[in-house]
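K.L.:
Chains as they are written, first to last, in this note's numbering: chain R, 1047 to 1643; chain L, 142 to 313.
Honestly, the hints are just simulated from the structure, not real lab data.
Any given hint could turn out to be false.
As the list claims (entries may be wrong) - With a straight-line cut-off of 16 Å between C-alpha atoms, the simulated EDC-like cross-links for lysine to aspartate or glutamate are:
#, chain 1, residue 1, chain 2, residue 2
1, L, Lys151, R, Glu1275
2, L, Lys151, R, Asp1486
3, R, Lys1280, L, Glu301
4, R, Lys1280, L, Glu144
5, R, Lys1465, R, Asp1486
Fair warning: this is a prediction, and the values are worked out from it, not measured in the lab.
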Amino acid sequence: MLPKALLDALEQRTGYRKLLSEALDERVPGGASWAYVLGSATLILFLIQLGTGLVLAMFYSPSATDAWASVAYLERAVPAGALVRGIHHHAAGAMVVMAGLHLLQVVLWGAYKAPREGNWITGMMLLGLVLSFALTGYLLPWDQTGYWATKVATSIAGTVPVVGQYLQPIAQGGNDYGSLTLTRFYALHVIAFPIATLGLIGAHMYFFRRHGVTPSARLSAEQLARREESFWPKQVLIDAVFAAAVVGVLIYVAATAGAPLQAPADPSSNFIARPEWYFLFLFQLLKYFEGPLQVVGTVVIPGLASTFLLALPFIDRKPSRRIMHRLPFVGALAAGLVCIGGLTLLAVRHDAADPTIHAQKKVAAREAARARELAAQGVPPQGATWMMANDPLTRGERLFWRECASCHTLEGRAPKKPKAPDLTGYLSKAWLRQVLRDPDSHRLFGLTKVEGMKSFAKLPEAELTQLVDLLYQLRQPDLPPLEERPGAALLDTHECTDCHDFGEYYALEGPALFRYGSAEWIRKVVDDAGHEAFYGEANDMPAFETRLPEADRAAAVAFLLSLEGRAEVGVWPTVDDPGPVPTPRVSTSTAADRPEQ
Amino acid sequence: MAEDRRTLLKVLSGVVGTSVVGAVAAPALRAVLAPVSLRTVTGVGELVPVVALDAIPSDGTPVNVPVVVEAPMDAWTRQPPTTVGAVYLRRTEAGVKAWSSICPHLGCGIDYDAAAGKFACPCHESWFDTDGAVASGPAPRGMDALETRVVDGMVQVRFEKFKIGTADKEPA
Ligand code: FES
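Take these sequences, add in the hints, and give me the full structure.
P.N.:
Shown next as structure tokens:
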């Protein structure tokens, strides 16, 4: 403790004791209670946001080239950076929850009623700010989810009748998304909204102090007076304990789950973006209004609901705070909550049941991981989006989904009518083994006009493995000549060499297997699979030589080479093929029509 | 009794409140203080490989080589390779020596005059011996020697800039 003389001197100069007693000796009718913790918890979360936000701002750069890279740097290189960002991210969600519960309690207890209209209106404005913080903050990392989800939100501004065409450019800071969108959102998020929030919190607290807490309507005036006590210390302790619990959970979640960071925003991609969970119901609502009715979902319904909420104390004027006397209002709110809950559930269920979304999520996760891996080596001045677009693996994968996925299945994502071999784990030993065992299967060349290779399914396991190893080695440079390699005689024994040339790119009955599986071999097939040294007449694949620029083809090869190392290789059976027994085919179409297993 | 209880509540409030603040403030401070141990900017002032040792004449003739910093990092950004300056390298009894090609007089680029066997600054005719000392002219000090090291047959130089126009070699 400071010596009394010092405190006295301080008192004389500042009058802090009066201030403190103003703040702490507030009378609480009915006594301290756990019922009053929600407002203070929301306030404490806001203070946490101010603190962690300040730290984030020290490491953040609001420009379209740098934003993602700066966030990735904070996550990767700055000690406790990921934790601080995790706290900031999850505290935003916690604030929505706390403010929502606070609102709910105020409605249930009838605490919005006269003379507390001021508390109610400032509270509603604060809730609006909490949501605005969440919306603007979501964009700042400039990653795929932030970019695409926020784009939906600003496009909504464009659907507002008459003024929409002006609102949208104002909201996004230009005619399209770019650096000026970021600077605008950043300025709002870190300057305008915090100042507005602090001001409104001041007003909210002023009204709160003026009218006091709203105790439970069940307590009589006599009970309230008897149990009355001061705010300090018991209510403070209760608030602190609750805050400690909230913060404990918050830090735990932040430390274990962290904050998500998807791949850098890519305006040319078709990312399926979802907003944060607390906006999902609004997002779901959009689905029910099409065409000219769109504005109903985007503006009319949310607008009416907010207006109703804001006007609640003026509509519900009866002085009684008992729920039974306010059934229509409490009922309306309950109905609103059920709608919000139901819409959220529908949105979640819809996504959970959609295989395309699952597949996209997998791709997104892989791109996010790849982006961070690349960023660890430093992001070029052109920015993270450029970095990803020029990464052969990423570029190759995007090309695959654009150019190849209409015929080839990959990792469970099948085209409507598969017309070419499944490339899951392409050229891995598991894949080669499957080709040897069942080349004409409905998942491999059975889908194409390529035919005539015999099945090695009946071969003893050891011999099959040896053949697979031989084929697998063909891609390695500087191998001794075929004849000198162990087991090479098998290629003759099994008549592989009758149809395949192993010594040069030369046309025999089947595709040349010279340097089979090497980047060079794959590149030749990508360039022109119909070349006579490969699939010739039986080929249906476009010659990409004339279709794609050089860099794209190189990227495609890099991607195809990487498939072997991906986790999904395991889909190929190691012992038995669960697929149908290969049967002589009548035509390719029957093969393609067979259902995917 | 009631007073004791109040005191206990006060102390508890203090403890719980402080731990809440501490739990959030600790990681926040850790991040803010990160620059103490974090190398955020790299490239400048580091030893960078400039040329193979074999490429330097064994007869002691100086060669001029550019200093290219491969990929300086500024936080998350990797800059493209940049030429930050040029140095003269010369074999001596005591190993490879390096001098900045920046003239200490007013900062022009120094030439090597093979015929005279001396360094010459074309701007105001300062001449330097092959060991960098001023031979004649207005230069206030000799050419600025730089730290070198040979690693795996490559000569590395720590390229630094010094104040121009002073008699003493002070970091710029
Ligand atoms: S700058 Fe070199 S002599 Fe003046």
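K.L.:
For this structure, which hints from the list above don't hold up?
P.N.:
2, 3
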